[in-house]
Amino acid sequence: MERLSYWAMLGLLTLGGNIQAEGPGAEPPEEGSAREEAQAPVSTAKALANLSLEDLASLEVGTVYGASKHEQSTLEAPASVTIVTGDDIKRFGYRTLADVLQSVRGFYITSDRVYTYIGVRGVNRPGDFGGRILITINGHRINDPIFDQAFNGTEFPLDVDLIERVEVIRGPGSSLYGNNAFFAVINVVTRNGRELKGAEVSGAYASYNTYSGRVSYGNRFTNGVEVLFSGTWFQSDGHDRLYFPEFKAINGGVAEHLDGSRAPSAWGSVSYGDFSIEGGYVARRKDIPDAPYGLLFNTGPAWQEDDRGFVGLKLEHRFEEDWTVCARLYYDYYRSPMLGPYDSASLGLPPGQTVLEKYFGYADWLNGEAQVSKRFLEKHLVTVGADFHYDLDVEQEDYVLDPHQVLDDVRTHDDSFGLYAQEEYSIRTNVILNVGGRFDYFEQFGSTENPRAALIYSPFSATTLKAIYGQAFRAPNASEFDYYSVAGSQFANPNLKPEQIRSYELLWEQGLWGHWRWTTDLFYEDMNDLITQVYDNTLQGYIFRNTDDVDTRGVELELEGRWKSGLRGYVNYTYADAYQESGGSGREPLENSPKHMAKLGISAPLWRQNVFASLETQVLSRRRTENGSVPGYETVNFTLFSHELVRGLEASLSLYNLLDERYRDPVSPNFTQTSIEEDGRTFRFKLTYRF
Amino acid sequence: MSVTAPESKGRPANRGPAGAGAWLAWFAVAMLLCQGGPWAPAAGEEITLTEYDLKANWVFQFTKYVEWPPEALGEASAPFVIGMAGKAPFGSNLADLVKGETAKGHPIQIRHFKPGEDVSGCHLLFISRAESSRLKDLLAAVRGHSILTVGETEDFIKEGGMINLELVGRRICCDLNKRAADQAGLKPKPQLRPVLRSVKE
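Residue numbers (the working numbering), protein chains in the order written: chain A, 1 to 691; chain B, 1 to 201.
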């Protein structure tokens, strides 16, 4: 089976090459001088001096905002950065942010059929909601205060069609962002109105009777006002029947019609001069087929809803003499109702009935940030900032529907603020020292300070070396320190402390022969006091405690290639040895932690710059579950994408898990199952038309 | 939390590393096949570029793709002056780029003009975004001289500037105000045409 994918890949490349060779647009050979010059130790700008105008016009910026909170070259960023562009999203047929991250070196996604969870470098503990990754849209924090959740599936508030680029910034980012920037910061940058310049209509049909549609309009008018509005509808029937052998006694282990979902979402932005207003929302409902939290199996209704929205005002002004001031104020909300059927006895009610219980998590909050940066004496760029988070209302409630009976009702308040500073010092033209630190104060547990330092050295124009040290934290969230449930035997723990990480990273990025880039990334991450749900025999129930210490060390290797013809590709491998310290000198491997991970992606033009074929494959090694393991697996995805064959029209056909690999992901202790089987082969057909 | 996991039976162990090794080989072979092929190489694709790397190059290219009246350029030994109004955002990019280069046979010199200083002593004037509040004054100050004005603000062309560079998505878009260039006696070469987003005649 694996063989097959190699041959398919090779065939694709050869095919792409031949067709390209016959095509009329064979590019003028630019071989000689410019190419060699790029390797010489001269400045970036100089290396491009001999480009033709057409080549210059076709070059793209490779900058990242989220690493230092201003635009900078990825090579000068104090972190290991991967950028996935909107063009990649189209060509590889990514449907969600989770699909995007699945292709990124060191990242892996697991699913329990309700949510997808992001793993990084061997750490993705079942039961955690992803709060160790900070997700931002245009710099605005998306993680919520109840679960800290890193939304990345259809519950992510932004349609991926509206993404200009995804910035994946590895390593601790608490020195700038505070809470949740533990393993990585993922900043999603949206497209803007001037780029859209008109209307766009998109529709897709996919496996399991899945429909989605989008209407967008964007423009910048002559009076300087720029707008973008977009609305998306998504719905899916999901599997009609899903088989779970653990529930064989009920309906033969088959859950029927319990896999559907729907997710309307909207996005808008208006800007004028230095001011902009932006807002987004999503209201996703996903049926729950696999009966976690003691739900009755194959009994509806059982669903989880995630309503997340925000609106904010931003001001950004660049003064003369290199002052930049940025301020933002946001209102955010999150609603997380979950409805499901229980046996009345399991809720401490009179036995013999099936009752519907609803959990309702609800949060409203205000947050804002002010930031000033100034360049001094050409060599110093100093950034200072402050931000706050103010809870208007955070509430978690459990009640039985009919007859109405409140089981638990918890109200939480955990306001916080942070102060940060960062200095980027260009010691020499090819050496940058980036140091920063942040102080955070939380009403709940007090203060924490987190520094980061990076030394970036570029001995030759194509070589970059980075040494990075950073600390970060994740604060206990409302579901961990405050939630208690008599019915669920869950106890609150107001004494929880934040989790801590210390991270050491050495990065070597090497440009090769003008088209290739080789990356070697060594990492060691030392985590302490990870918040873990444990069963307490004295309390006779569950409670969150700062129990676990986890270490992960390993290496990431990547080779990327990129050509003007549109051919591009990457292959990467991650070795991650993640283990938990278990008292004394004992250590045990982490659950849901693949030691080996490899990914490959190739996108080749089949016909001019209009038709592209893209192939991706991902391999994960065996992962532990609570009481065993799930085997390694390989998935292959294929997308055929065309644009401008008909004026304004884009069409794509994607096949996911092409080889129909049957694989399983470990799931949290809230499930009866220890692992759950994922989707086999599926497809999507999509059309987008621009007016 | 986790207990020692018994090995699951009858499963292939660790397919990861073997798969990755084989891939790497195939990938390298496949992509090397493309090297000598029709995939025309171009410099810069392996380098991560910033907005001002690109804009510096555009500014440099304009010295080649625009014609100045000979009297404006003076003697062969006189420098071709690229002027920067206020603090330019190029860092050392532009200076590195033009080092040792010539424009129309003249050595290139970069001059930074302080606010209020006379900007008419240059051949090309870059007006950065930070100077937008003084845009009208600056454009008025060069009127009647053969100075190519290059800007990066939304209303630059409307206000009478000649060439505007704007970052749209990940690429630089270039707009030309031909009328303003004509009035200053400057002639953009036809080769510039295909890469322009818009031309104001």
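Simulated from the structure, these hints should not be mistaken for lab results. Just to be clear, a hint being listed does not mean it is correct.
Not everything, but these chain B residues come out facing chain A in the computed CB check (under 10 Å) [as the list claims (entries may be wrong)]:
id, residue
1, Y65
2, G91
3, I110
4, R111
5, F113
6, E117
7, G121
8, L135
9, R171
10, K187
11, Q191
Restricting the straight-line Cα-Cα distance to at most 20 Å, the calculated cross-link-like pairs of lysine to aspartate or glutamate (EDC-like) are [stated by the list, open to error]:
id, chain 1, residue 1, chain 2, residue 2
12, B, K87, A, D322
13, B, K136, A, D274
14, B, K87, B, D137
15, B, K64, A, E54
16, A, K379, A, E423
17, A, K379, B, D96
18, A, K314, B, E154
19, B, K99, A, E378
20, B, K158, A, E71
21, A, K197, B, D155
22, A, K197, B, D137
23, B, K114, A, E378
24, B, K158, A, D274
25, B, K87, A, E226
26, A, K497, A, D548
27, B, K189, A, D322
28, A, K374, B, E154
29, B, K114, A, D322
30, A, K379, B, E51
31, B, K178, B, E154
32, A, K197, B, E166
33, B, K189, B, D96
34, B, K87, A, E316
35, A, K197, B, D96
36, B, K87, A, D548
To be clear about the criterion: a stretch of chain A counts as covered by chain B if any three or more of its residues have a C-beta under 8 Å from a C-beta of chain B, and this derived list gives those stretches [said to hold, decoys possible]:
id, region
37, 238 to 246
38, 341 to 350
None of the values given here were measured: they were computed from a predicted structure. Glycine residues also receive a C-beta, built at the ideal position from the N, C-alpha and C atoms.
Does the alpha-carbon distance linking K197(A) and D155(B) stay inside the 20 Å limit?
holds (17 Å)
Run the distance test for K87(B) versus E226(A): straight-line Cα separation, threshold 20 Å.
violated (27 Å)
Holds or violated: are the alpha carbons of K64(B) and E54(A) at most 20 Å from each other?
Roughly 14 Å between the alpha carbons, so the hint for K64(B) and E54(A) holds.
Quick check on K187(B) please, does its C-beta sit within 10 Å of some C-beta on chain A?
Because about 16 Å separates K187(B) from the closest Cβ in chain A, which is outside the 10 Å limit, the hint is violated.
Verify the interface restraint on F113(B): the C-beta must sit less than 10 Å from at least one C-beta of chain A.
Nearest chain A Cβ about 12 Å off; hint violated.
Can I110(B) be said to touch chain A, with a Cβ gap under 10 Å?
violated (13 Å)
Need the status of pair K87(B), D548(A): alpha-carbon distance at most 20 Å?
violated (52 Å)
Given coverage of the region 238 to 246 of chain A by chain B, checked by CB-CB distance under 8 Å (3 or more)
Per the Cβ count (0), the hint is violated.
R111(B) was flagged as interface toward chain A. Is the shortest Cβ-Cβ separation under 10 Å?
violated (17 Å)
Against the 20 Å threshold, does the CA-CA distance of K136(B) and D274(A) hold or violate the hint?
holds (19 Å)
Holds or violated: K114(B) and E378(A), Cα atoms, limit 20 Å.
holds (16 Å)
What's the verdict on K314(A) and E154(B), does the C-alpha distance respect the 20 Å limit or exceed it?
The given pair, whose Cα atoms are some 19 Å apart, holds under the 20 Å limit.
The earlier numbered hints that this structure contradicts are 3, 4, 5, 6, 7, 8, 10, 20, 22, 25, 27, 28, 33, 35, 36, 37 and 38.
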